[in-house]
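Dock chains B and C against chain A, hints included.
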Amino acid sequence: MDSVTIINALVSGLLTGLVYGLSALGLSVIFGVIRIVNFAHGELMVLGMYLALMLFRWFGLDPLWSVPIGAAALFVVGYALQHFVVRRVAYLPDHMQFLLLAGIAIMLVSGCLVVFGPDAQGVQLPYALDSFAIGSLIIDKVRLYAALAAIAVASALLLFFKYSSTGRAIRACADNYLGAKVVGLNVDRLYALTFGIGAACIGAAGCIILLLVQVHPYLAPAYTLLAFVVVIVGGMGSLFGALLGGILIGVSEEMASVVLQPSLKTAFSFGLLIVVLLLRPQGLLGRVVR
Amino acid sequence: MNDLTVSGRFALVVLVAVLLALPQFASGYVLSVTIICLYLSFVGQAWNMMLGFAGLLSIGHALFVGLGAYTSGYLFTKHGVPPVIGVVAAVAIAMIMGSIIGYLGFRFAIGGVYFALLTIAFSEFVRILLDHAKFLGGTEGLFLPVTQESRRGVDLVNLRGAPQMYYYVILALAGGAFLACRALLHGRIGYYWRAIRDNPEAAEAVGVHIFRFRMYAVVLSSGMAGIAGVFYAFYYNNLFPEQVLGIERSIEITLAPIVGGVGTLFGPIFGAFILTPLGEFLTYAVDGLKESGIIAKNVKTDGVKLMFWGLAVALIVLLQPKGLWPWVCKLLGLVKPPGERG
Amino acid sequence: MTTTKSNRRGAAIGRRKVMAGAAAGAVAAVVPLRLGRAQAQKLKIGAILPRSGIQANFGQDSVRGIELAMEVLPGKGYAAVEVVHADNETKVDVGRAQAEKLIDQGCNLIFGCYDSGITAAVAQVCEQKSIPLVVNVAAAPQITDGRFKTVFRNFPTGPMIASDAFLLQKEVYGIAGKAPSSAVMLHANDTFGSTQKDASVRLIERFGMPYKFTDVISYDPTTRDLSAEVRKAKSTNAELVWIITRLNDAIMIVQEMVKQRWEPMGIVSTGPGPYDDPFLKQLGKLSDDIINMVPWFDPNKAMSKLMIAAWDKKFPDRTLNTSVSHSFEATLIALDAHKRAGSAEPAKLLEALRTTNIADNVTVGPAITFNANGQNEKTRNSAIQNRGGKLVSVAPASAAVAKPIWPMRAWNAR
Chain A
1 MDSVTIINAL
11 VSGLLTGLVY
21 GLSALGLSVI
31 FGVIRIVNFA
41 HGELMVLGMY
51 LALMLFRWFG
61 LDPLWSVPIG
71 AAALFVVGYA
81 LQHFVVRRVA
91 YLPDHMQFLL
101 LAGIAIMLVS
111 GCLVVFGPDA
121 QGVQLPYALD
131 SFAIGSLIID
141 KVRLYAALAA
151 IAVASALLLF
161 FKYSSTGRAI
171 RACADNYLGA
181 KVVGLNVDRL
191 YALTFGIGAA
201 CIGAAGCIIL
211 LLVQVHPYLA
221 PAYTLLAFVV
231 VIVGGMGSLF
241 GALLGGILIG
251 VSEEMASVVL
261 QPSLKTAFSF
271 GLLIVVLLLR
281 PQGLLGRVVR
Chain B
1 MNDLTVSGRF
11 ALVVLVAVLL
21 ALPQFASGYV
31 LSVTIICLYL
41 SFVGQAWNMM
51 LGFAGLLSIG
61 HALFVGLGAY
71 TSGYLFTKHG
81 VPPVIGVVAA
91 VAIAMIMGSI
101 IGYLGFRFAI
111 GGVYFALLTI
121 AFSEFVRILL
131 DHAKFLGGTE
141 GLFLPVTQES
151 RRGVDLVNLR
161 GAPQMYYYVI
171 LALAGGAFLA
181 CRALLHGRIG
191 YYWRAIRDNP
201 EAAEAVGVHI
211 FRFRMYAVVL
221 SSGMAGIAGV
231 FYAFYYNNLF
241 PEQVLGIERS
251 IEITLAPIVG
261 GVGTLFGPIF
271 GAFILTPLGE
281 FLTYAVDGLK
291 ESGIIAKNVK
301 TDGVKLMFWG
311 LAVALIVLLQ
321 PKGLWPWVCK
331 LLGLVKPPGE
341 RG
Chain C
1 MTTTKSNRRG
11 AAIGRRKVMA
21 GAAAGAVAAV
31 VPLRLGRAQA
41 QKLKIGAILP
51 RSGIQANFGQ
61 DSVRGIELAM
71 EVLPGKGYAA
81 VEVVHADNET
91 KVDVGRAQAE
101 KLIDQGCNLI
111 FGCYDSGITA
121 AVAQVCEQKS
131 IPLVVNVAAA
141 PQITDGRFKT
151 VFRNFPTGPM
161 IASDAFLLQK
171 EVYGIAGKAP
181 SSAVMLHAND
191 TFGSTQKDAS
201 VRLIERFGMP
211 YKFTDVISYD
221 PTTRDLSAEV
231 RKAKSTNAEL
241 VWIITRLNDA
251 IMIVQEMVKQ
261 RWEPMGIVST
271 GPGPYDDPFL
281 KQLGKLSDDI
291 INMVPWFDPN
301 KAMSKLMIAA
311 WDKKFPDRTL
321 NTSVSHSFEA
331 TLIALDAHKR
341 AGSAEPAKLL
351 EALRTTNIAD
361 NVTVGPAITF
371 NANGQNEKTR
381 NSAIQNRGGK
391 LVSVAPASAA
401 VAKPIWPMRA
411 WNAR
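Protein chains in written order, with the working numbering: chain A, 1 to 290; chain B, 1 to 342; chain C, 1 to 414.
Honestly, I wouldn't trust all of these hints.
What the hints assert, rightly or not - Just the calculated beta-carbon pair ranges, DEER-fashion: (1) B:F108 - A:T166: 34 to 40 Å; (2) A:V115 - B:L315: 18 to 24 Å; (3) A:V115 - C:K390: 27 to 33 Å; (4) B:D155 - A:M54: 42 to 48 Å; (5) B:K78 - A:G60: 55 to 61 Å; (6) C:R206 - A:F132: 55 to 61 Å; (7) B:V14 - A:R280: 52 to 58 Å; (8) A:T166 - B:W327: 49 to 55 Å.
Hint data in this document are derived by calculation from the structure and do not stem from the laboratory.
Idealized CB from N, CA, C, for every residue including glycine.
One chain only, chain A, in its complex shape (with noise of 0.2 Å):
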């Protein structure tokens, strides 16, 4: 395997990974808040994809643009989705919360099924398969602007979650349920805030992610798992972390293809989670809250 392809590797590994952990970013949001497990987060993205489809098929609207469109769509689509469904399994023990989601998942997929039929979809962009080339080192246009969005979501939600003062207050709730309660904060209406941003980001990253891949209605079930797997190796309600668990899965996946077979880079992943769960389970940069 000579340099040219490790370097383009990596770098294809980098830009990937930052693109795995902008599908992640809201999973990260909503479980290091409200502590629920969105088993339906796949299905959410691929409601952003279509959405971002629709859009173009009848306005032409490239999906960069449709990106803040997507972002509220699903807002609305995730605060509904706490405040009336979810708000209400939050006392049960985990695995209701998990059948409710699943539930939830399996109609949002054959809903899309009925309703956009099972052919793969896509949007045909003029720059969709442009590259930049640097010497030998071969960049992914789309793949760069994606990483790029990713980084800007990120650091959005930081500053959101850091300095605002319903960020703070989301913060203080889950820090502490209790105590945010106590100090009088409307922690229900906090929490369908919560779920609401992460539902906007998995829809923002939905728009960016049909640059790259047709839309089809079992595309979910894998984005969710990456995600999850990206999540706890980057670690649970960490934003960085979710970037950093996507650019180490990213890499790790390019490498475990170039030396190894392609099919069995997905298994490197689940290595990496179990090794991960064992040492480190609050992952890299995640805080050690039980």
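Just chains B and C now, kept in the frame of chain A:
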């Protein structure tokens, strides 16, 4: 038996009688569906042990089923080992895997959601390895040899025969699992489990060895799931890693017990017998609507059944989080309330 | 106090009990018990296909093929038949239960199932009940290796597809005057991909090809990203890229090749994907020049012309592909057997199927016949090339309508 009211006992007798006599009057289709229900009851009962008795949520139980299936299937196909012997190896391997995961979970104090994700990770990891295991067929599948003659008779040693034979085998397994779990729960080990589940610190304080008893539950759970795998292998006679160990399978295993009632003995059975017919009924209803012309024939309804099914599951969780079985029990007065038990 | 309470409770429970019992009784009455199979002259086909699940698009294409057959074949003197559809949800246990259900409902012939595992499970049920199973699409060799006596498959096995691919390539290279000196295989690690890959690697010696496989790369078909895989393939600098894919991954592979600026001599595909509508639509000009060496229909045959005409009228913006043509032909086989048997009794159908000899068919190759294991050994594949969103037959010569473009054109020179 002494926990049941008169009506409860009556219902039980009727149920057992119907199940025993079913092959005599049921069509092939009803028999197939009932076999699926019994299979899900059996494997759900196994899964239930891990959550109900050891307090661990597993969303990767298909791993144990798959290990059992592939072990016995491989031994039969490549070495002619009959399943009555193969099941020993199958259970052993499933139990070893279970103890590894259980040990890692306890040793590193991983609980709740993290443990669930650990089970998913192991399950997917093994699945992908099996995809690449040429000697087990890999993605091309492991096909167990079946012959024309073997489909008629009854051969319990090789698990070859008519569907009726498979029916009675899975009925025995499901019933046996129920009785075994009941015996365990009412025995000494059951009290230790309940103590650990209700208040681990207090249990430890009175000297209950938490780690050991939890491991018993995990190992039993995985072993039983391994037996289910052996049945699966010899009933369907072909194994593909995606079909047997896929995450959809793991989720499917959890549905019946959660819907029926985690930690209850009859919950997994009740849940299985509600969910499977529900799925069939939904297909029937959608087809019926098309036949009668209420929905135009060319409207695409693929996926509608799945949508309503998902809705049903979600509703059950929202409305009856303890499971349907406790609710039905109370409604129909099948079980004596705790105060009145002898 | 206690007595009153339990009396009241007893009465209430008694009422509920009766209602519950009545409900159970009503359900039991509706549950289909063992039905006697009516002596029917009318053929009732039970089609078990993936209508949901990841193979749903193939299942829906198969259904279109059956519908086409129902329109075209009565005009050729075949009796009308009833087709009952069932969804196998891409799951083995569901497929098996649906087979039982269809047979109970009186189907005298089963049709399906696309997925090899499900086909094998359904075959067991059919074998048990001595009902014929006509397979439209399924590639695992084990289905017709002698273990079943009631299965009839008109679709080639993996090894057959591989052998044909070598022969077709020789033809194409001969016509084009240029042959690759190295090859890389990039295949999905699923049932179809693995079977194909094993067969190709095993059989290449026999055909004296001008190239050897520099590398064989397998990937997970559900992966969300194929840049690593394509990069690995690119690093071999092979001239021929042989892909065996599903749909979504095929699209991603070509997109990655463009992004990574890789232009091999040409791309050959021996699986689904590159000939499917979503691929052609998504990639536009970039989908051109890929040669699919797959089971296909022969556009020069009379029956094919009827099929194509009916298709163009019914589904003008969809492409007629393998799932469609082979479902069409499987229906033809069923109807033909019914006609010759003169009855819809499964035993007579089985006999008639064994002596099938249909010259007026749609697929490439001589007349349809089955060997002792129920396999049509003589069916051949075609080489069809993507041209401007259409599929053009370029080999074998008898089925060709155009000359192949080989080597492929540069990505931006289209």
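Hints and how they fare:
Judged by the Cβ atoms, the range 34 to 40 Å given for F108 of chain B and T166 of chain A holds: they are separated by roughly 36 Å. At roughly 21 Å, the beta carbons of V115 of chain A and L315 of chain B sit within the given window of 18 to 24 Å. Our hint of 27 to 33 Å for V115 of chain A and K390 of chain C holds, since their Cβ atoms are close to 29 Å apart. For D155 of chain B and M54 of chain A, the hinted distance range of 42 to 48 Å is not satisfied, since their beta carbons lie about 57 Å from each other.
Distance hint for K78 of chain B and G60 of chain A: a CB-CB separation of about 59 Å, consistent with the stated range 55 to 61 Å. Between R206 of chain C and F132 of chain A the beta carbon distance is about 45 Å. The supplied range of 55 to 61 Å is therefore violated. In this structure the supplied range 52 to 58 Å holds for V14 of chain B paired with R280 of chain A, their Cβ-Cβ distance being about 55 Å. Checked against the hint of 49 to 55 Å, the C-beta distance between T166 of chain A and W327 of chain B comes to roughly 40 Å, which is inconsistent with it.
Consistency note: the structure conflicts with the earlier hints numbered 4, 6 and 8.
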